[in-house]
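Trainee: Take the sequences, apply the hints, and build the full model.
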Amino acid sequence: MLEMLMQWYRRRFSDPEAIALLVILVAGFSILFFFSGLLAPLLVAIVLAYLLEWPTARLQAIGCSRRWAASIVLILFVGILLLMAFVVMPIAWQQGIYLIRDMPGMLNKLSDFAATLPRRYPALMDAGII
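So the sequence shown is numbered by the UniProt record's numbering: it starts at 1 and just counts up by one.
Treat the hints loosely; a few may be bogus.
What the hints assert, rightly or not - For each label pair, taking beta carbons as the anchor points, the in silico distance ranges come out as:
hint: 1; residue 1: Gln95; residue 2: Leu32; range: 32 to 38 Å
hint: 2; residue 1: Leu21; residue 2: Pro41; range: 26 to 32 Å
hint: 3; residue 1: Pro16; residue 2: Ala92; range: 51 to 57 Å
hint: 4; residue 1: Arg120; residue 2: Ile75; range: 19 to 25 Å
hint: 5; residue 1: Glu53; residue 2: Leu82; range: 17 to 23 Å
hint: 6; residue 1: Phe13; residue 2: Trp54; range: 45 to 51 Å
What the hints contain is simulated information worked out from the structure, not anything from laboratory work. These numbers come from a predicted model, not from an experiment. We treat Cβ as the ideally placed atom computed from N, Cα and C, and that holds for glycine.
Mentor: Here it is as structure tokens:
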């Protein structure tokens with residue numbers, strides 16, 4: 001049995017590139033498995049840094065120092081986040097509650113409309129479909 005495994009190993013992994021690929025794949029999956037809780041915030045931070053770099057560079061082109069430009073962009077970004085959190089989110093939450101409350105009535109109207117389709121368009125609709 002051991003000899004058979006050794007032959008399989010020699011046949012499959014005699015190429016150094018195949019071993020390198022295997023090591024890279026195992027390392028990549030291990031990193032994803034063990035550090036998955038850390039990767040999401042890290043990726044969000046990278047995306048935010050990339051998106052906030054453009055306004056910082058524009059302010060630097062105008063003549064602000066990097067420190068002042070980064071401070072201004074950060075203050076504006078936090079202000080927009082707070083505006084979203086305290087103004088837009090409660091409105092969106094209330095609209096979601098209204099949608100859930102009105103959903104049964106909307107579905108009843110849709111069902112009634114679908115029931116009238118065979119009478120309106122008998123050549124196109126069959127009552128058995130609905």
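Trainee: Decide, hint by hint, whether the structure agrees.
Mentor: Here's how the hints hold up against the structure:
1. About 37 Å separates the C-beta atoms of Gln95 and Leu32, a value consistent with the hinted range of 32 to 38 Å.
2. With their beta carbons about 29 Å apart, Leu21 and Pro41 fall inside the hinted range of 26 to 32 Å.
3. Evaluation of the 51 to 57 Å hint for Pro16 and Ala92 yields a pass: the beta carbon distance comes to about 55 Å.
4. The beta-carbon spacing between Arg120 and Ile75, approximately 59 Å, falls outside the hinted interval of 19 to 25 Å.
5. At roughly 22 Å, the beta carbons of Glu53 and Leu82 sit within the given window of 17 to 23 Å.
6. Here the CB-CB span from Phe13 to Trp54 is close to 46 Å, well matched to the stated 45 to 51 Å.
In this structure, only the earlier hint numbered 4 is contradicted, and the remaining ones agree with it.
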